[in-house]
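Chemist: What follows is the residue order along each chain.
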Amino acid sequence: MGSDDHRLLQREGVLFFGNVIAGLSHELSNVFNIINEMAGLQQDIVGGAQPGSTDTADRLFELAGRIKAQVERGETYNRYLHKLAHSVDDTGIAFDLGETLELVSSLAARPARLARVELVMQPPEQPVTLEGDPFAFVLMIYGSIGAVLSAADSERRVEVGAAAHDQAVRITITSADSLPADVIDESAAALRIGRAAWGMVHTLDRRPDAHDSVILDLPVVAPGPHATADDEGQEDPDVT
Amino acid sequence: MDHLRLLFVDDEEELVSAVVERLELRGIDGVGATSGDEALHLLREGSFDVVILDVKMPGIGGLEVLRTISRRYPEIKVILMTGHGSAKDNEIGRRLGAVAYLEKPVDLEDLLMTVERAVNGEAGGPDGQ
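Protein sequences appear in the order of chains S and X.
Under the numbering used here, the first residue of the first sequence is numbered 1, with each subsequent residue one higher.
Under the numbering used here, the first residue of the second sequence is numbered 1001, with each subsequent residue one higher.
No lab work stands behind these hints: they were computed from the structure.
Predicted model only: the values in this text are computed from it and were never measured.
Every residue gets a Cβ at the ideal spot worked out from N, C-alpha and C, and that includes glycine.
Each hint should be verified, as a subset may be incorrect.
[Unchecked claim] Stretch-level coverage of chain X by chain S, calculated; a stretch enters the list once three of its residues show a Cβ under 8 Å from a Cβ in chain S: (1) 1012 to 1018; (2) 1021 to 1034.
[Claimed, not checked] Pairwise CB distance ranges, derived in the manner of DEER restraints: (3) 1005/X - 65/S: 26 to 34 Å; (4) 1119/X - 65/S: 33 to 41 Å; (5) 205/S - 1119/X: 30 to 38 Å; (6) 48/S - 1064/X: 36 to 44 Å; (7) 58/S - 1005/X: 24 to 32 Å.
When you get a sec, could you build the whole thing from the sequences and use the hints?
Modeler: In structure tokens, the structure reads:
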């Protein structure tokens, strides 16, 4: 990866982190707000806001279950944050394609929900191990999903699928709506990172019946060294 | 307070359900909606004294609902809520006619105090926000 691409990865990476962390922070706040309100409801019930009630124990039991579900929801968001934070640990490691796609689609779930688009992830049929920079991979897929989400029209459904063949992987992001020819421009930075870090090649598959797709083809093992220093051998002051 | 009819709008279903239950336990007629669309539908179907609106929701957001309320139901008092305070949203909300702007988590007693002030024609939240 050249120095320009490396700088692009860093800049896009910071934007991506900011965007995703703001979303997850909002979701975690929602969880805390709900737990706070349910605790208030429990206090109201125990405090006798409804005198003479015979089903207090049942109500408290039911509320405890709802609180537990919210705690599990919060733990899930925390798990995403943890995985995301560790995706920058190494630029050349082996990682599971299905798990990483699941992480990306989970991170994209909030923007999809806000855009009122149903986002569906179809994991690969067989486990596939990729080797390369997981963060560049996440950025490439997230950016591409974002571009397809923003082009959603009346059908508002986007499906992400993956299939491996020999030493290559094809990731398909299909919209139930037609995609404009310039949809790829929306994710230009993500695709450039994908080309530089993964040797990815993208195509836009447009069909007469809508269900257009952005297709990303990449090797199972990313080409070239996965070092963080640039190709001209300049030392990166941010890497120790 | 027990003569008022409140509409609480937030896209978090569990939050709406807990708040509505707590209002009921206080003898307050509270109705919940989990989207801007549903809120507008309920406003067409019935009458409300106060609408408590989350700003950020999928589809029709709180500010858009507020705009419709100000135009079609100017007698209804609107209180906006947001997860992360934004001065810009607050300013837009005030301009569109919201009587108060509260940051989550909103304490129910504070919310009810704000509702009372709103129906009595006193602007602002519990802290005079």
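Chemist: Which numbered hints turn out to be false for this structure?
Modeler: 5
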